[in-house]
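Undergrad: What follows is each chain in one-letter form.
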Amino acid sequence: MKSLTEYLTFTVPERVGFVNITPTLEDLVRRSGITEGLLLCNAMHITASVFVNDDERGLHEDFKRWLERLAPFDASQQTYAHNRTGEDNADAHLKRQVMGREVVIVVTAERLDFGPWEQVFDGRRPKRVRVKIIGE
Amino acid sequence: MKSLTEYLTFTVPERVGFVNITPTLEDLVRRSGITEGLLLCNAMHITASVFVNDDERGLHEDFKRWLERLAPFDASQQTYAHNRTGEDNADAHLKRQVMGREVVIVVTAERLDFGPWEQVFDGRRPKRVRVKIIGE
Amino acid sequence: MKSLTEYLTFTVPERVGFVNITPTLEDLVRRSGITEGLLLCNAMHITASVFVNDDERGLHEDFKRWLERLAPFDASQQTYAHNRTGEDNADAHLKRQVMGREVVIVVTAERLDFGPWEQVFDGRRPKRVRVKIIGE
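Chains as they are written, first to last, in this note's numbering: chain S, 1 to 136; chain D, 1 to 136; chain G, 1 to 136.
Here chain S stands alone, though its shape is the one from the complex:
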């Protein structure tokens, strides 16, 4: 079995942002020399997400508005008990549960085996992402 582990770091200036990391993952698959296996990519921060969806500016706006409706930002300690710790980001912990922590992707014949229009993002503030590929 071969494996490759890599850590990626992103700087996103806004409170909520999207970074397309698909080309980086494709490079890592090539570097790993693995032709049959699985790739795990997960956010290393619990207010960030890695997910697969469309890289379309309008959809990103929709995601932001929708997440704000499902789990609104509110720095007060009355709305979110977690903010009693001195943090103001309880909403971001909830948003992350909707968008997910990780994706597991098929590696086949030395490439990422995506369907049409799929992309991987990492939303929300400067964050690190972990990538692990195992296989042969």
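Mixed in with the good hints, there may be bad ones.
For identical chains, the list gives no copy identity; a pair is met inside one copy or between any two copies.
Quick list of in silico lysine to aspartate or glutamate cross-link-like pairs, EDC-like style, CA-CA up to 20 Å [claimed, not checked]:
| id | residue 1 | residue 2 |
| --- | --- | --- |
| 1 | Lys2 | Asp27 |
| 2 | Lys64 | Asp54 |
| 3 | Lys2 | Glu136 |
| 4 | Lys64 | Glu14 |
| 5 | Lys64 | Asp74 |
| 6 | Lys2 | Glu110 |
| 7 | Lys2 | Glu36 |
| 8 | Lys2 | Glu26 |
Calculated directly from the structure, the hints in this document are not laboratory data. Quick caveat: nothing in here was measured; it's all calculated off a predicted structure.
Chain S is fixed; fit chains D and G onto it per the hints.
TA: Just chains D and G now, with coordinates in the frame of chain S:
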């Protein structure tokens, strides 16, 4: 390490539908000859989901109604910026985030290691699903 | 390839509860002797979740309140069709979709490769959890 990759295609006539793919996955595990490993099954379309829950007609109705409440269908470009692209399915991209893209399942002693009442589905319109099993 | 499969059982007295299973997973990685691989941990019941987030009491209260807002408990058969089966837990099936079924975690150099403040939990009533580690 052994591996098997397979693509399944489903035709669901309604806008939202459910297909129980557990028996198909069990067949693939048998064909793979793998007794200890992991199975990844993911939707290849970004408005579809693969998930594990109960294969019960009432629950499927509840899922449909609930997803419609969380992310209502609305073809207008005012409600969803994504629909400015000419599509009308922004809501389906959001629904997919709630239901998830993929499941990873334990393969043990040449069978799928499910708990009681667990089932795998693929909801929303004619779609392809990718299955990869790795192990020994 | 090496692998280890283990089943954990938890008794949580309340309808919704949280158990930090990170130390147990770390023990299993040590016992497996695997230094490079993947760990899958999934709830074996379809009204339970395994997820990675902060082990902070206030946040757990926020999760409970938030899930109750997204998918309220209601034993009636009018609100949830699933309850016509004689069960009263349709809401728990929906909550589980938000929180997720499984986590896949990187195993590197004989330890779990977590980011800061990450923890794994299993919420909702006495339940079993399946753990599988594969690698070398």
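Undergrad: Next, verify each hint and record whether it holds.
TA: Results for each hint:
1. Within a single copy, Lys2 and Asp27 get their C-alpha atoms as close as 16 Å, which meets the 20 Å cut-off; across copies the closest is 24 Å, which misses it.
2. Taking the shortest Cα distances, Lys64 and Asp54 sit within 20 Å of each other inside one copy (14 Å), while across copies they are farther apart (22 Å).
3. Taking the shortest Cα distances, Lys2 and Glu136 sit within 20 Å of each other both inside one copy (5 Å) and across copies (9 Å).
4. Within a single copy, Lys64 and Glu14 get their C-alpha atoms as close as 12 Å, which meets the 20 Å cut-off; across copies the closest is 28 Å, which misses it.
5. For the identical chains of this complex, Lys64 and Asp74 are neighbours both inside a copy (15 Å) and across copies (17 Å), given an alpha-carbon limit of 20 Å.
6. Within a single copy, Lys2 and Glu110 get their C-alpha atoms as close as 13 Å, and across copies as close as 16 Å, so both meet the 20 Å cut-off.
7. For a Cα distance limit of 20 Å, the shortest separation of Lys2 from Glu36 qualifies both inside one copy, at 10 Å, and across copies, at 9 Å.
8. For a Cα distance limit of 20 Å, the shortest separation of Lys2 from Glu26 inside one copy, 17 Å, qualifies, whereas the shortest one across copies, 22 Å, does not.
Violated hints for the displayed structure: none, as all numbered hints are satisfied.
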